[in-house]
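Heads up: the protein sequence lines correspond to chains R and Z, in order. Position 41, counted from 1, in the first sequence is what this note's numbering calls 88; the numbers after and before it change by one each time, with no gaps. Position 8, counted from 1, in the second sequence is what this note's numbering calls 55; the numbers after and before it change by one each time, with no gaps.
Treat the hints with care, since some could be wrong.
Chain copies aren't distinguished; within one or between two, either way the pair holds.
Said to hold, decoys possible - Lysine-lysine pairs mimicking BS3-like chemistry, simulated, CA-CA at most 30 angstroms apart:
#1 126 with 90
#2 186 with 90
#3 126 with 181
No lab work stands behind these hints, which were simulated from the structure alone.
There are 2 protein chains.
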Amino acid sequence: MLVNGTSGNTISIRDRGLLYGDGVFRTLLARNGQVSFWQQHLKKLQQDCRVLAIACPDASLLTEELRVLLQQQPDALLKLIVTRGQGVRGYAPSHNSVVTHIWDIFSAPELSVENRTRGVQVRLCDLRLGTQPKLAGIKHLNRLESVLAAAEWQDTDIAEGLLLDEQGRVIEGTRSNVFALLNDVLVTPDLSRCGVAGVLRDWVIDWAQHNNMTVQVRDLSWAELQTADLIFLTNSVFGIWPVRQLAQRMWMDFTLTQRMCAALDTGNT
Amino acid sequence: MLVNGTSGNTISIRDRGLLYGDGVFRTLLARNGQVSFWQQHLKKLQQDCRVLAIACPDASLLTEELRVLLQQQPDALLKLIVTRGQGVRGYAPSHNSVVTHIWDIFSAPELSVENRTRGVQVRLCDLRLGTQPKLAGIKHLNRLESVLAAAEWQDTDIAEGLLLDEQGRVIEGTRSNVFALLNDVLVTPDLSRCGVAGVLRDWVIDWAQHNNMTVQVRDLSWAELQTADLIFLTNSVFGIWPVRQLAQRMWMDFTLTQRMCAALDTGNT
């Protein structure tokens, strides 16, 4: 673990990351010393920092720190957090605060081949996401909605929970983005009101367009989702999981996601 | 500063308070070794923890820690944070996580007599609060909306910013609750969709009822607010501030808030 470039595993109790969730993060998977989508993660980190007016650490610094960490542990799950750091007391950011950046490192998780090939069982969460256009799309540290949603079920057969907004629009999973195939059109929810736009969501949109599919980023109702010919979830750590069961429906044809997974595996990132 | 009862000023980078804002807090003002509204703060802390299913530390433990801190510094501003602590990676709370509780202590702020007596200038924030009934009223650590709102202005003549929700209902200030006197009825916004319900808000409601005023906790539009005969802000640290100027309107008669401030000062808490 590194805190501001120094080996350590603690931060100040006055860090605004703790006090207000005033920061952003990325979760990264490394295999053989290589992080999937590192450049894309870096770009999103910079974008998210910009929205919050947090001075993102230099890309070269982060890349070098990552390189050193991966020398020690080439297969790992990493978490990179950037907070606004400490400042004077109170909500208003102070102009002289020094950003905190944190690397945490874990063993690489065992990823389920079965989830990719046979699909997963998914539930609809009770919690409805609130809307906040000024924070929509950003992977920030205000994640209580995700916590409450993930706390709704214990059944380990259920791999993910889907979240709707207050108007009943499908937004995302608790830790994934959602795609639906509807009459040969690939639809993924518009995330301009709420939700987190992950790097694999962008990759899928690009892949589909390069493969001559029509892609629509738009509102998607719960009713419409259930009429889909295929639903799948994306997350840059677990990859692509087709949905086998959701509510009263079952799906079995995962040809499209198998093609995507094959493209992902061949390093088509 | 105390972290889990031990002198210290750091927490783990794996604490869910940092990772997800998964915790709650109180800000307390102490004078001569006495914290205003300690019992009320404690009750709200317990209530807020209950909503998030966080095991709040025992009242007797917190009260004893507070006593020891105030022996060293009888006049102080204190911050008490309770987080869900560390757990396994991921949003879902684990059942064996051990709660973290943190006391931070600052010099007691100089409180402006002028703000209490002559009133304050207030602005309307651009940011609209998102609604999330499952978190409404709670003083949790997901405070990015407050941060963004407080970052909207630098003019130190403006003491507070008012926040509306997406439907244009008045909800609160960035760090205060709002009351309006409308035809001799004291109105304060319903906080069942968003906002933080502070201890002084409860005190004002009680005081007004004991003084035979009609009190309504209900939706309050921005248009209606501007027709008020008196607007005031409450915060358990700064107390009660009447509004002198908001948008195109000015107010000068602060008789009611002067009576409330006098009642507050005589320890009528």
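Each hint tested on the structure:
Taking the shortest Cα distances, residue 126 and residue 90 sit within 30 angstroms of each other inside one copy (15 angstroms), while across copies they are farther apart (36 angstroms). Taking the shortest Cα distances, residue 186 and residue 90 sit within 30 angstroms of each other inside one copy (12 angstroms), while across copies they are farther apart (33 angstroms). In this homomeric assembly, residue 126 and residue 181 come within 30 angstroms of each other (Cα to Cα) both inside a single copy, at 24 angstroms, and across copies, at 28 angstroms.
No hint from the list above goes unmet by this structure.
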